[in-house]
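Novice: Chains as they are written, first to last, in my numbering: chain A, 1 to 151; chain B, 152 to 510.
None of these hints come from the bench; they were simulated from the model. For every residue, glycine included, the Cβ atom is placed at its ideal position computed from N, Cα and C. Hints are supplied without guarantee of correctness; some may be wrong.
BS3-like cross-link-like pairs, simulated, lysine-lysine; straight-line CA separation at most 27 Å [stated by the list, open to error]:
1. Lys104/A / Lys174/B
2. Lys70/A / Lys382/B
3. Lys215/B / Lys74/A
4. Lys174/B / Lys431/B
Looking from chain A toward chain B, a few residues come up when the C-beta cut is under 8 Å (computed) [stated by the list, open to error]:
5. Pro5
6. Ile68
7. Lys70
8. Glu97
9. Cys113
10. His114
11. Pro130
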Amino acid sequence: MSDIPDPHVQQDKRDFLKFALFGGLFAWLAAVIFPVLSYLKPPKQAEVIVNSVKAGKIADFANDSGSIIKFGNKPVILIRNPQGEFKAFSAVCTHLECTVQYKKDLGMIWCACHNGKYDLNGRNVSGPPPRPLDEFRVTVQGEEVSISKKS
Amino acid sequence: MKPTLKKIYDWVDERLELQDLIKFMAKKYVPVHSHSIWYYFGGVSLFLFTIQVVTGILLLMYYKGSEELAFESIQFIMSKVAFGWLIRSLHSWTANLFILTAMIHMFSVFFEKAYRKPRELTWLTGMLMLFLLLGFGFTGYLLPWNELAFFATKVGTEITGVVPIVGKPILQFMRGGDDVTGATLSRLFGFHVAVLPGIFTLLLGAHLLFVNRQGMSEPLHYAETPEKDRKTMPFFPNFLLRDLLFWLIVLNVLAILAVFFPWELGTKADPFASAPAGIKPEWYFLFMFQTLKYIPAQIWFIDGEVLGVLAFGAAGFLWLMVPFWDRQSSAGESKRFVNYIGLFVVMYIILFTIIGWLA
Chain A
1 MSDIPDPHVQ QDKRDFLKFA LFGGLFAWLA AVIFPVLSYL KPPKQAEVIV NSVKAGKIAD
61 FANDSGSIIK FGNKPVILIR NPQGEFKAFS AVCTHLECTV QYKKDLGMIW CACHNGKYDL
121 NGRNVSGPPP RPLDEFRVTV QGEEVSISKK S
Chain B
152 MKPTLKKIYD WVDERLELQD LIKFMAKKYV PVHSHSIWYY FGGVSLFLFT IQVVTGILLL
212 MYYKGSEELA FESIQFIMSK VAFGWLIRSL HSWTANLFIL TAMIHMFSVF FEKAYRKPRE
272 LTWLTGMLML FLLLGFGFTG YLLPWNELAF FATKVGTEIT GVVPIVGKPI LQFMRGGDDV
332 TGATLSRLFG FHVAVLPGIF TLLLGAHLLF VNRQGMSEPL HYAETPEKDR KTMPFFPNFL
392 LRDLLFWLIV LNVLAILAVF FPWELGTKAD PFASAPAGIK PEWYFLFMFQ TLKYIPAQIW
452 FIDGEVLGVL AFGAAGFLWL MVPFWDRQSS AGESKRFVNY IGLFVVMYII LFTIIGWLA
């Protein structure tokens, strides 16, 4: 055996060290990046599942008016048309999620953000909204008006 | 110099060799020509940045970044804190003026073709800073937690959500959940006061380093004038004093705006209220907002919004990359075509901003 190391052995050593060092580096990077990315992803919060809410008394809602009702953590628009009938829709505009309102002079549901219009059946009739508003069920028991999800 | 000052100066000079720096400063010249006025808009943007840093830190002393307290804390700053109204109005007005001067600076560089070789990196860092400024504007807008800001943030983040594949994760990342809530306020607050300023400062350092290393860009026509006819001005003190005079004028304009047109606070955001009539984004987003209004909901089989967002993204990217596709300017030829594109963009932005404003 000579003192000069075999060049093949030398190269193998180098390759091994490269592999170990870069492998270690990548493993380290992954160990740093993964927790950070996971941390940034907001955790799922337990949502209270709401199936129905009491909106109020009939007398609270004038004919030809609309009101925003809190339905869990989403807004719902309760409309009483000029004939006194109730209708309820999700108040979240299907375009870019602004909250819609009842526009008396047009007799329509209107979104102020991009001038989207829906008729009183929740159908998107003009402007950018791509879909109708989701409808909710309105039930009147005695004087009490409640809104519930349509199944 | 007074003997004590001289002593201090000599002490520092012995260690840091200030002489070299002074020699460098003395050698800095600014070309004088018919377009010299555009040189002042970079400097004034830098000045407005320092105002934002100072007033921003002052606001941090009282601001509370939470859903329950944000609006009230700004009300407190505006009504109870001595000169709070001034600091807050200055911060809001400066933000708008800053974006304006940065845009003027950017367009002047574009039309002078100052981005051409060897200043590609200066252009890139500058453009990235302009994008960050829009980010500052967007994140800062929500911080008062008022009605307008709430819906602007809803729409703004929802628009990123329409981008295929990456949109949804980005939307959740920005909102800190599926909806705009207090979690969104916390996140955007963090971006506004920590993340964006950090990145911005690094880019600004690089930008200033490049400008100092390469000197002021000379317009193409200036290079054609014979050497003896080219006029210059020493940077120190001649140009710097002119800079300072301009800054002083701008500071006065800001003071007038902040005193006579204090920035409104509006009404507190209520997630269960309808979006108010007449809602629109800040002026620097108006042209995009207005364009999106004209795009039909569906083009062929693609969603109109997606198309609009992607088109603006692509246009912004092309604009950012202009030094790399406009080779003629780098070769010293002036190219009309690029000017026409620039002119079209300027006209488009002005026209759509006006339409959006009047609508």
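Novice: Run through the hints listed earlier and report the numbers of any the structure violates, in increasing order.
Specialist: 1, 2, 4, 5
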